[in-house]
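So the sequence shown is residues 1 to 109, counted in my numbering.
Mixed in with the good hints, there may be bad ones.
Quick list of simulated restraints, FRET-style, between CB atoms [claimed, not checked]:
(1) Glu35 - Tyr72: 31 to 37 Å
(2) Ser63 - Gly27: 14 to 20 Å
(3) Pro11 - Gly33: 34 to 40 Å
(4) Pro106 - Val61: 18 to 24 Å
(5) Pro19 - Glu70: 29 to 35 Å
(6) Pro29 - Val80: 23 to 29 Å
(7) Cys10 - Ala99: 18 to 24 Å
List time: in silico BS3-like cross-link candidates among lysine-lysine, alpha-carbon distance up to 25 Å [unchecked claim]:
(8) Lys68 - Lys97
(9) Lys68 - Lys14
(10) Lys97 - Lys46
In short, the hints are calculated from the structure, not lab data.
Ideal placement from N, C-alpha and C gives every residue a C-beta, glycine not left out.
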Amino acid sequence: CSSDLWEYVCPSDKGCDDPLINPFSDGAPSLDGVECERMLVMVAEKDILRDRGRMYYDAMVKSKIRLKAEFYETTRQDHVFHLFNPNCGEAKELVSKLASFINQPPQSE
Numbered sequence: 001c002s003s004d005l006w007e008y009v010c011p012s013d014k015g016c017d018d019p020l021i022n023p024f025s026d027g028a029p030s031l032d033g034v035e036c037e038r039m040l041v042m043v044a045e046k047d048i049l050r051d052r053g054r055m056y057y058d059a060m061v062k063s064k065i066r067l068k069a070e071f072y073e074t075t076r077q078d079h080v081f082h083l084f085n086p087n088c089g090e091a092k093e094l095v096s097k098l099a100s101f102i103n104q105p106p107q108s109e
């Protein structure tokens with residue numbers, strides 16, 4: 001993560017290893033306690049947090065939680081690219097994917 005920005009947002013002695021931004025850091029709560037039916041993890045290929053996002057997705061899929069998990073990666077883009085260039089094709093595709101995920105009907109048992 002960008003330590004300068006994160007330390008501004010959440011000043012702590014742990015920096016980018018604060019459990020609020022790193023679910024794998026010491027002191028982070030167990031992922032087994034997460035309750036959800038489905039989840040979408042979205043990352044950008046050049047994002048400094050890309051690998052952490054993938055680790056989070058993989059950990060959730062392997063956890064005891066029964067959920068429908070999706071992983072979406074935008075190629076050739078960096079962190080929050082969709083905020084800096086919301087009209088680019090990749091940003092429109094990302095928003096479309098997110099809207100489609102949100103509008104899915106609830107899972108049936």
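Hint numbers not upheld by this structure, sorted from lowest to highest
1, 3, 5, 7 and 9
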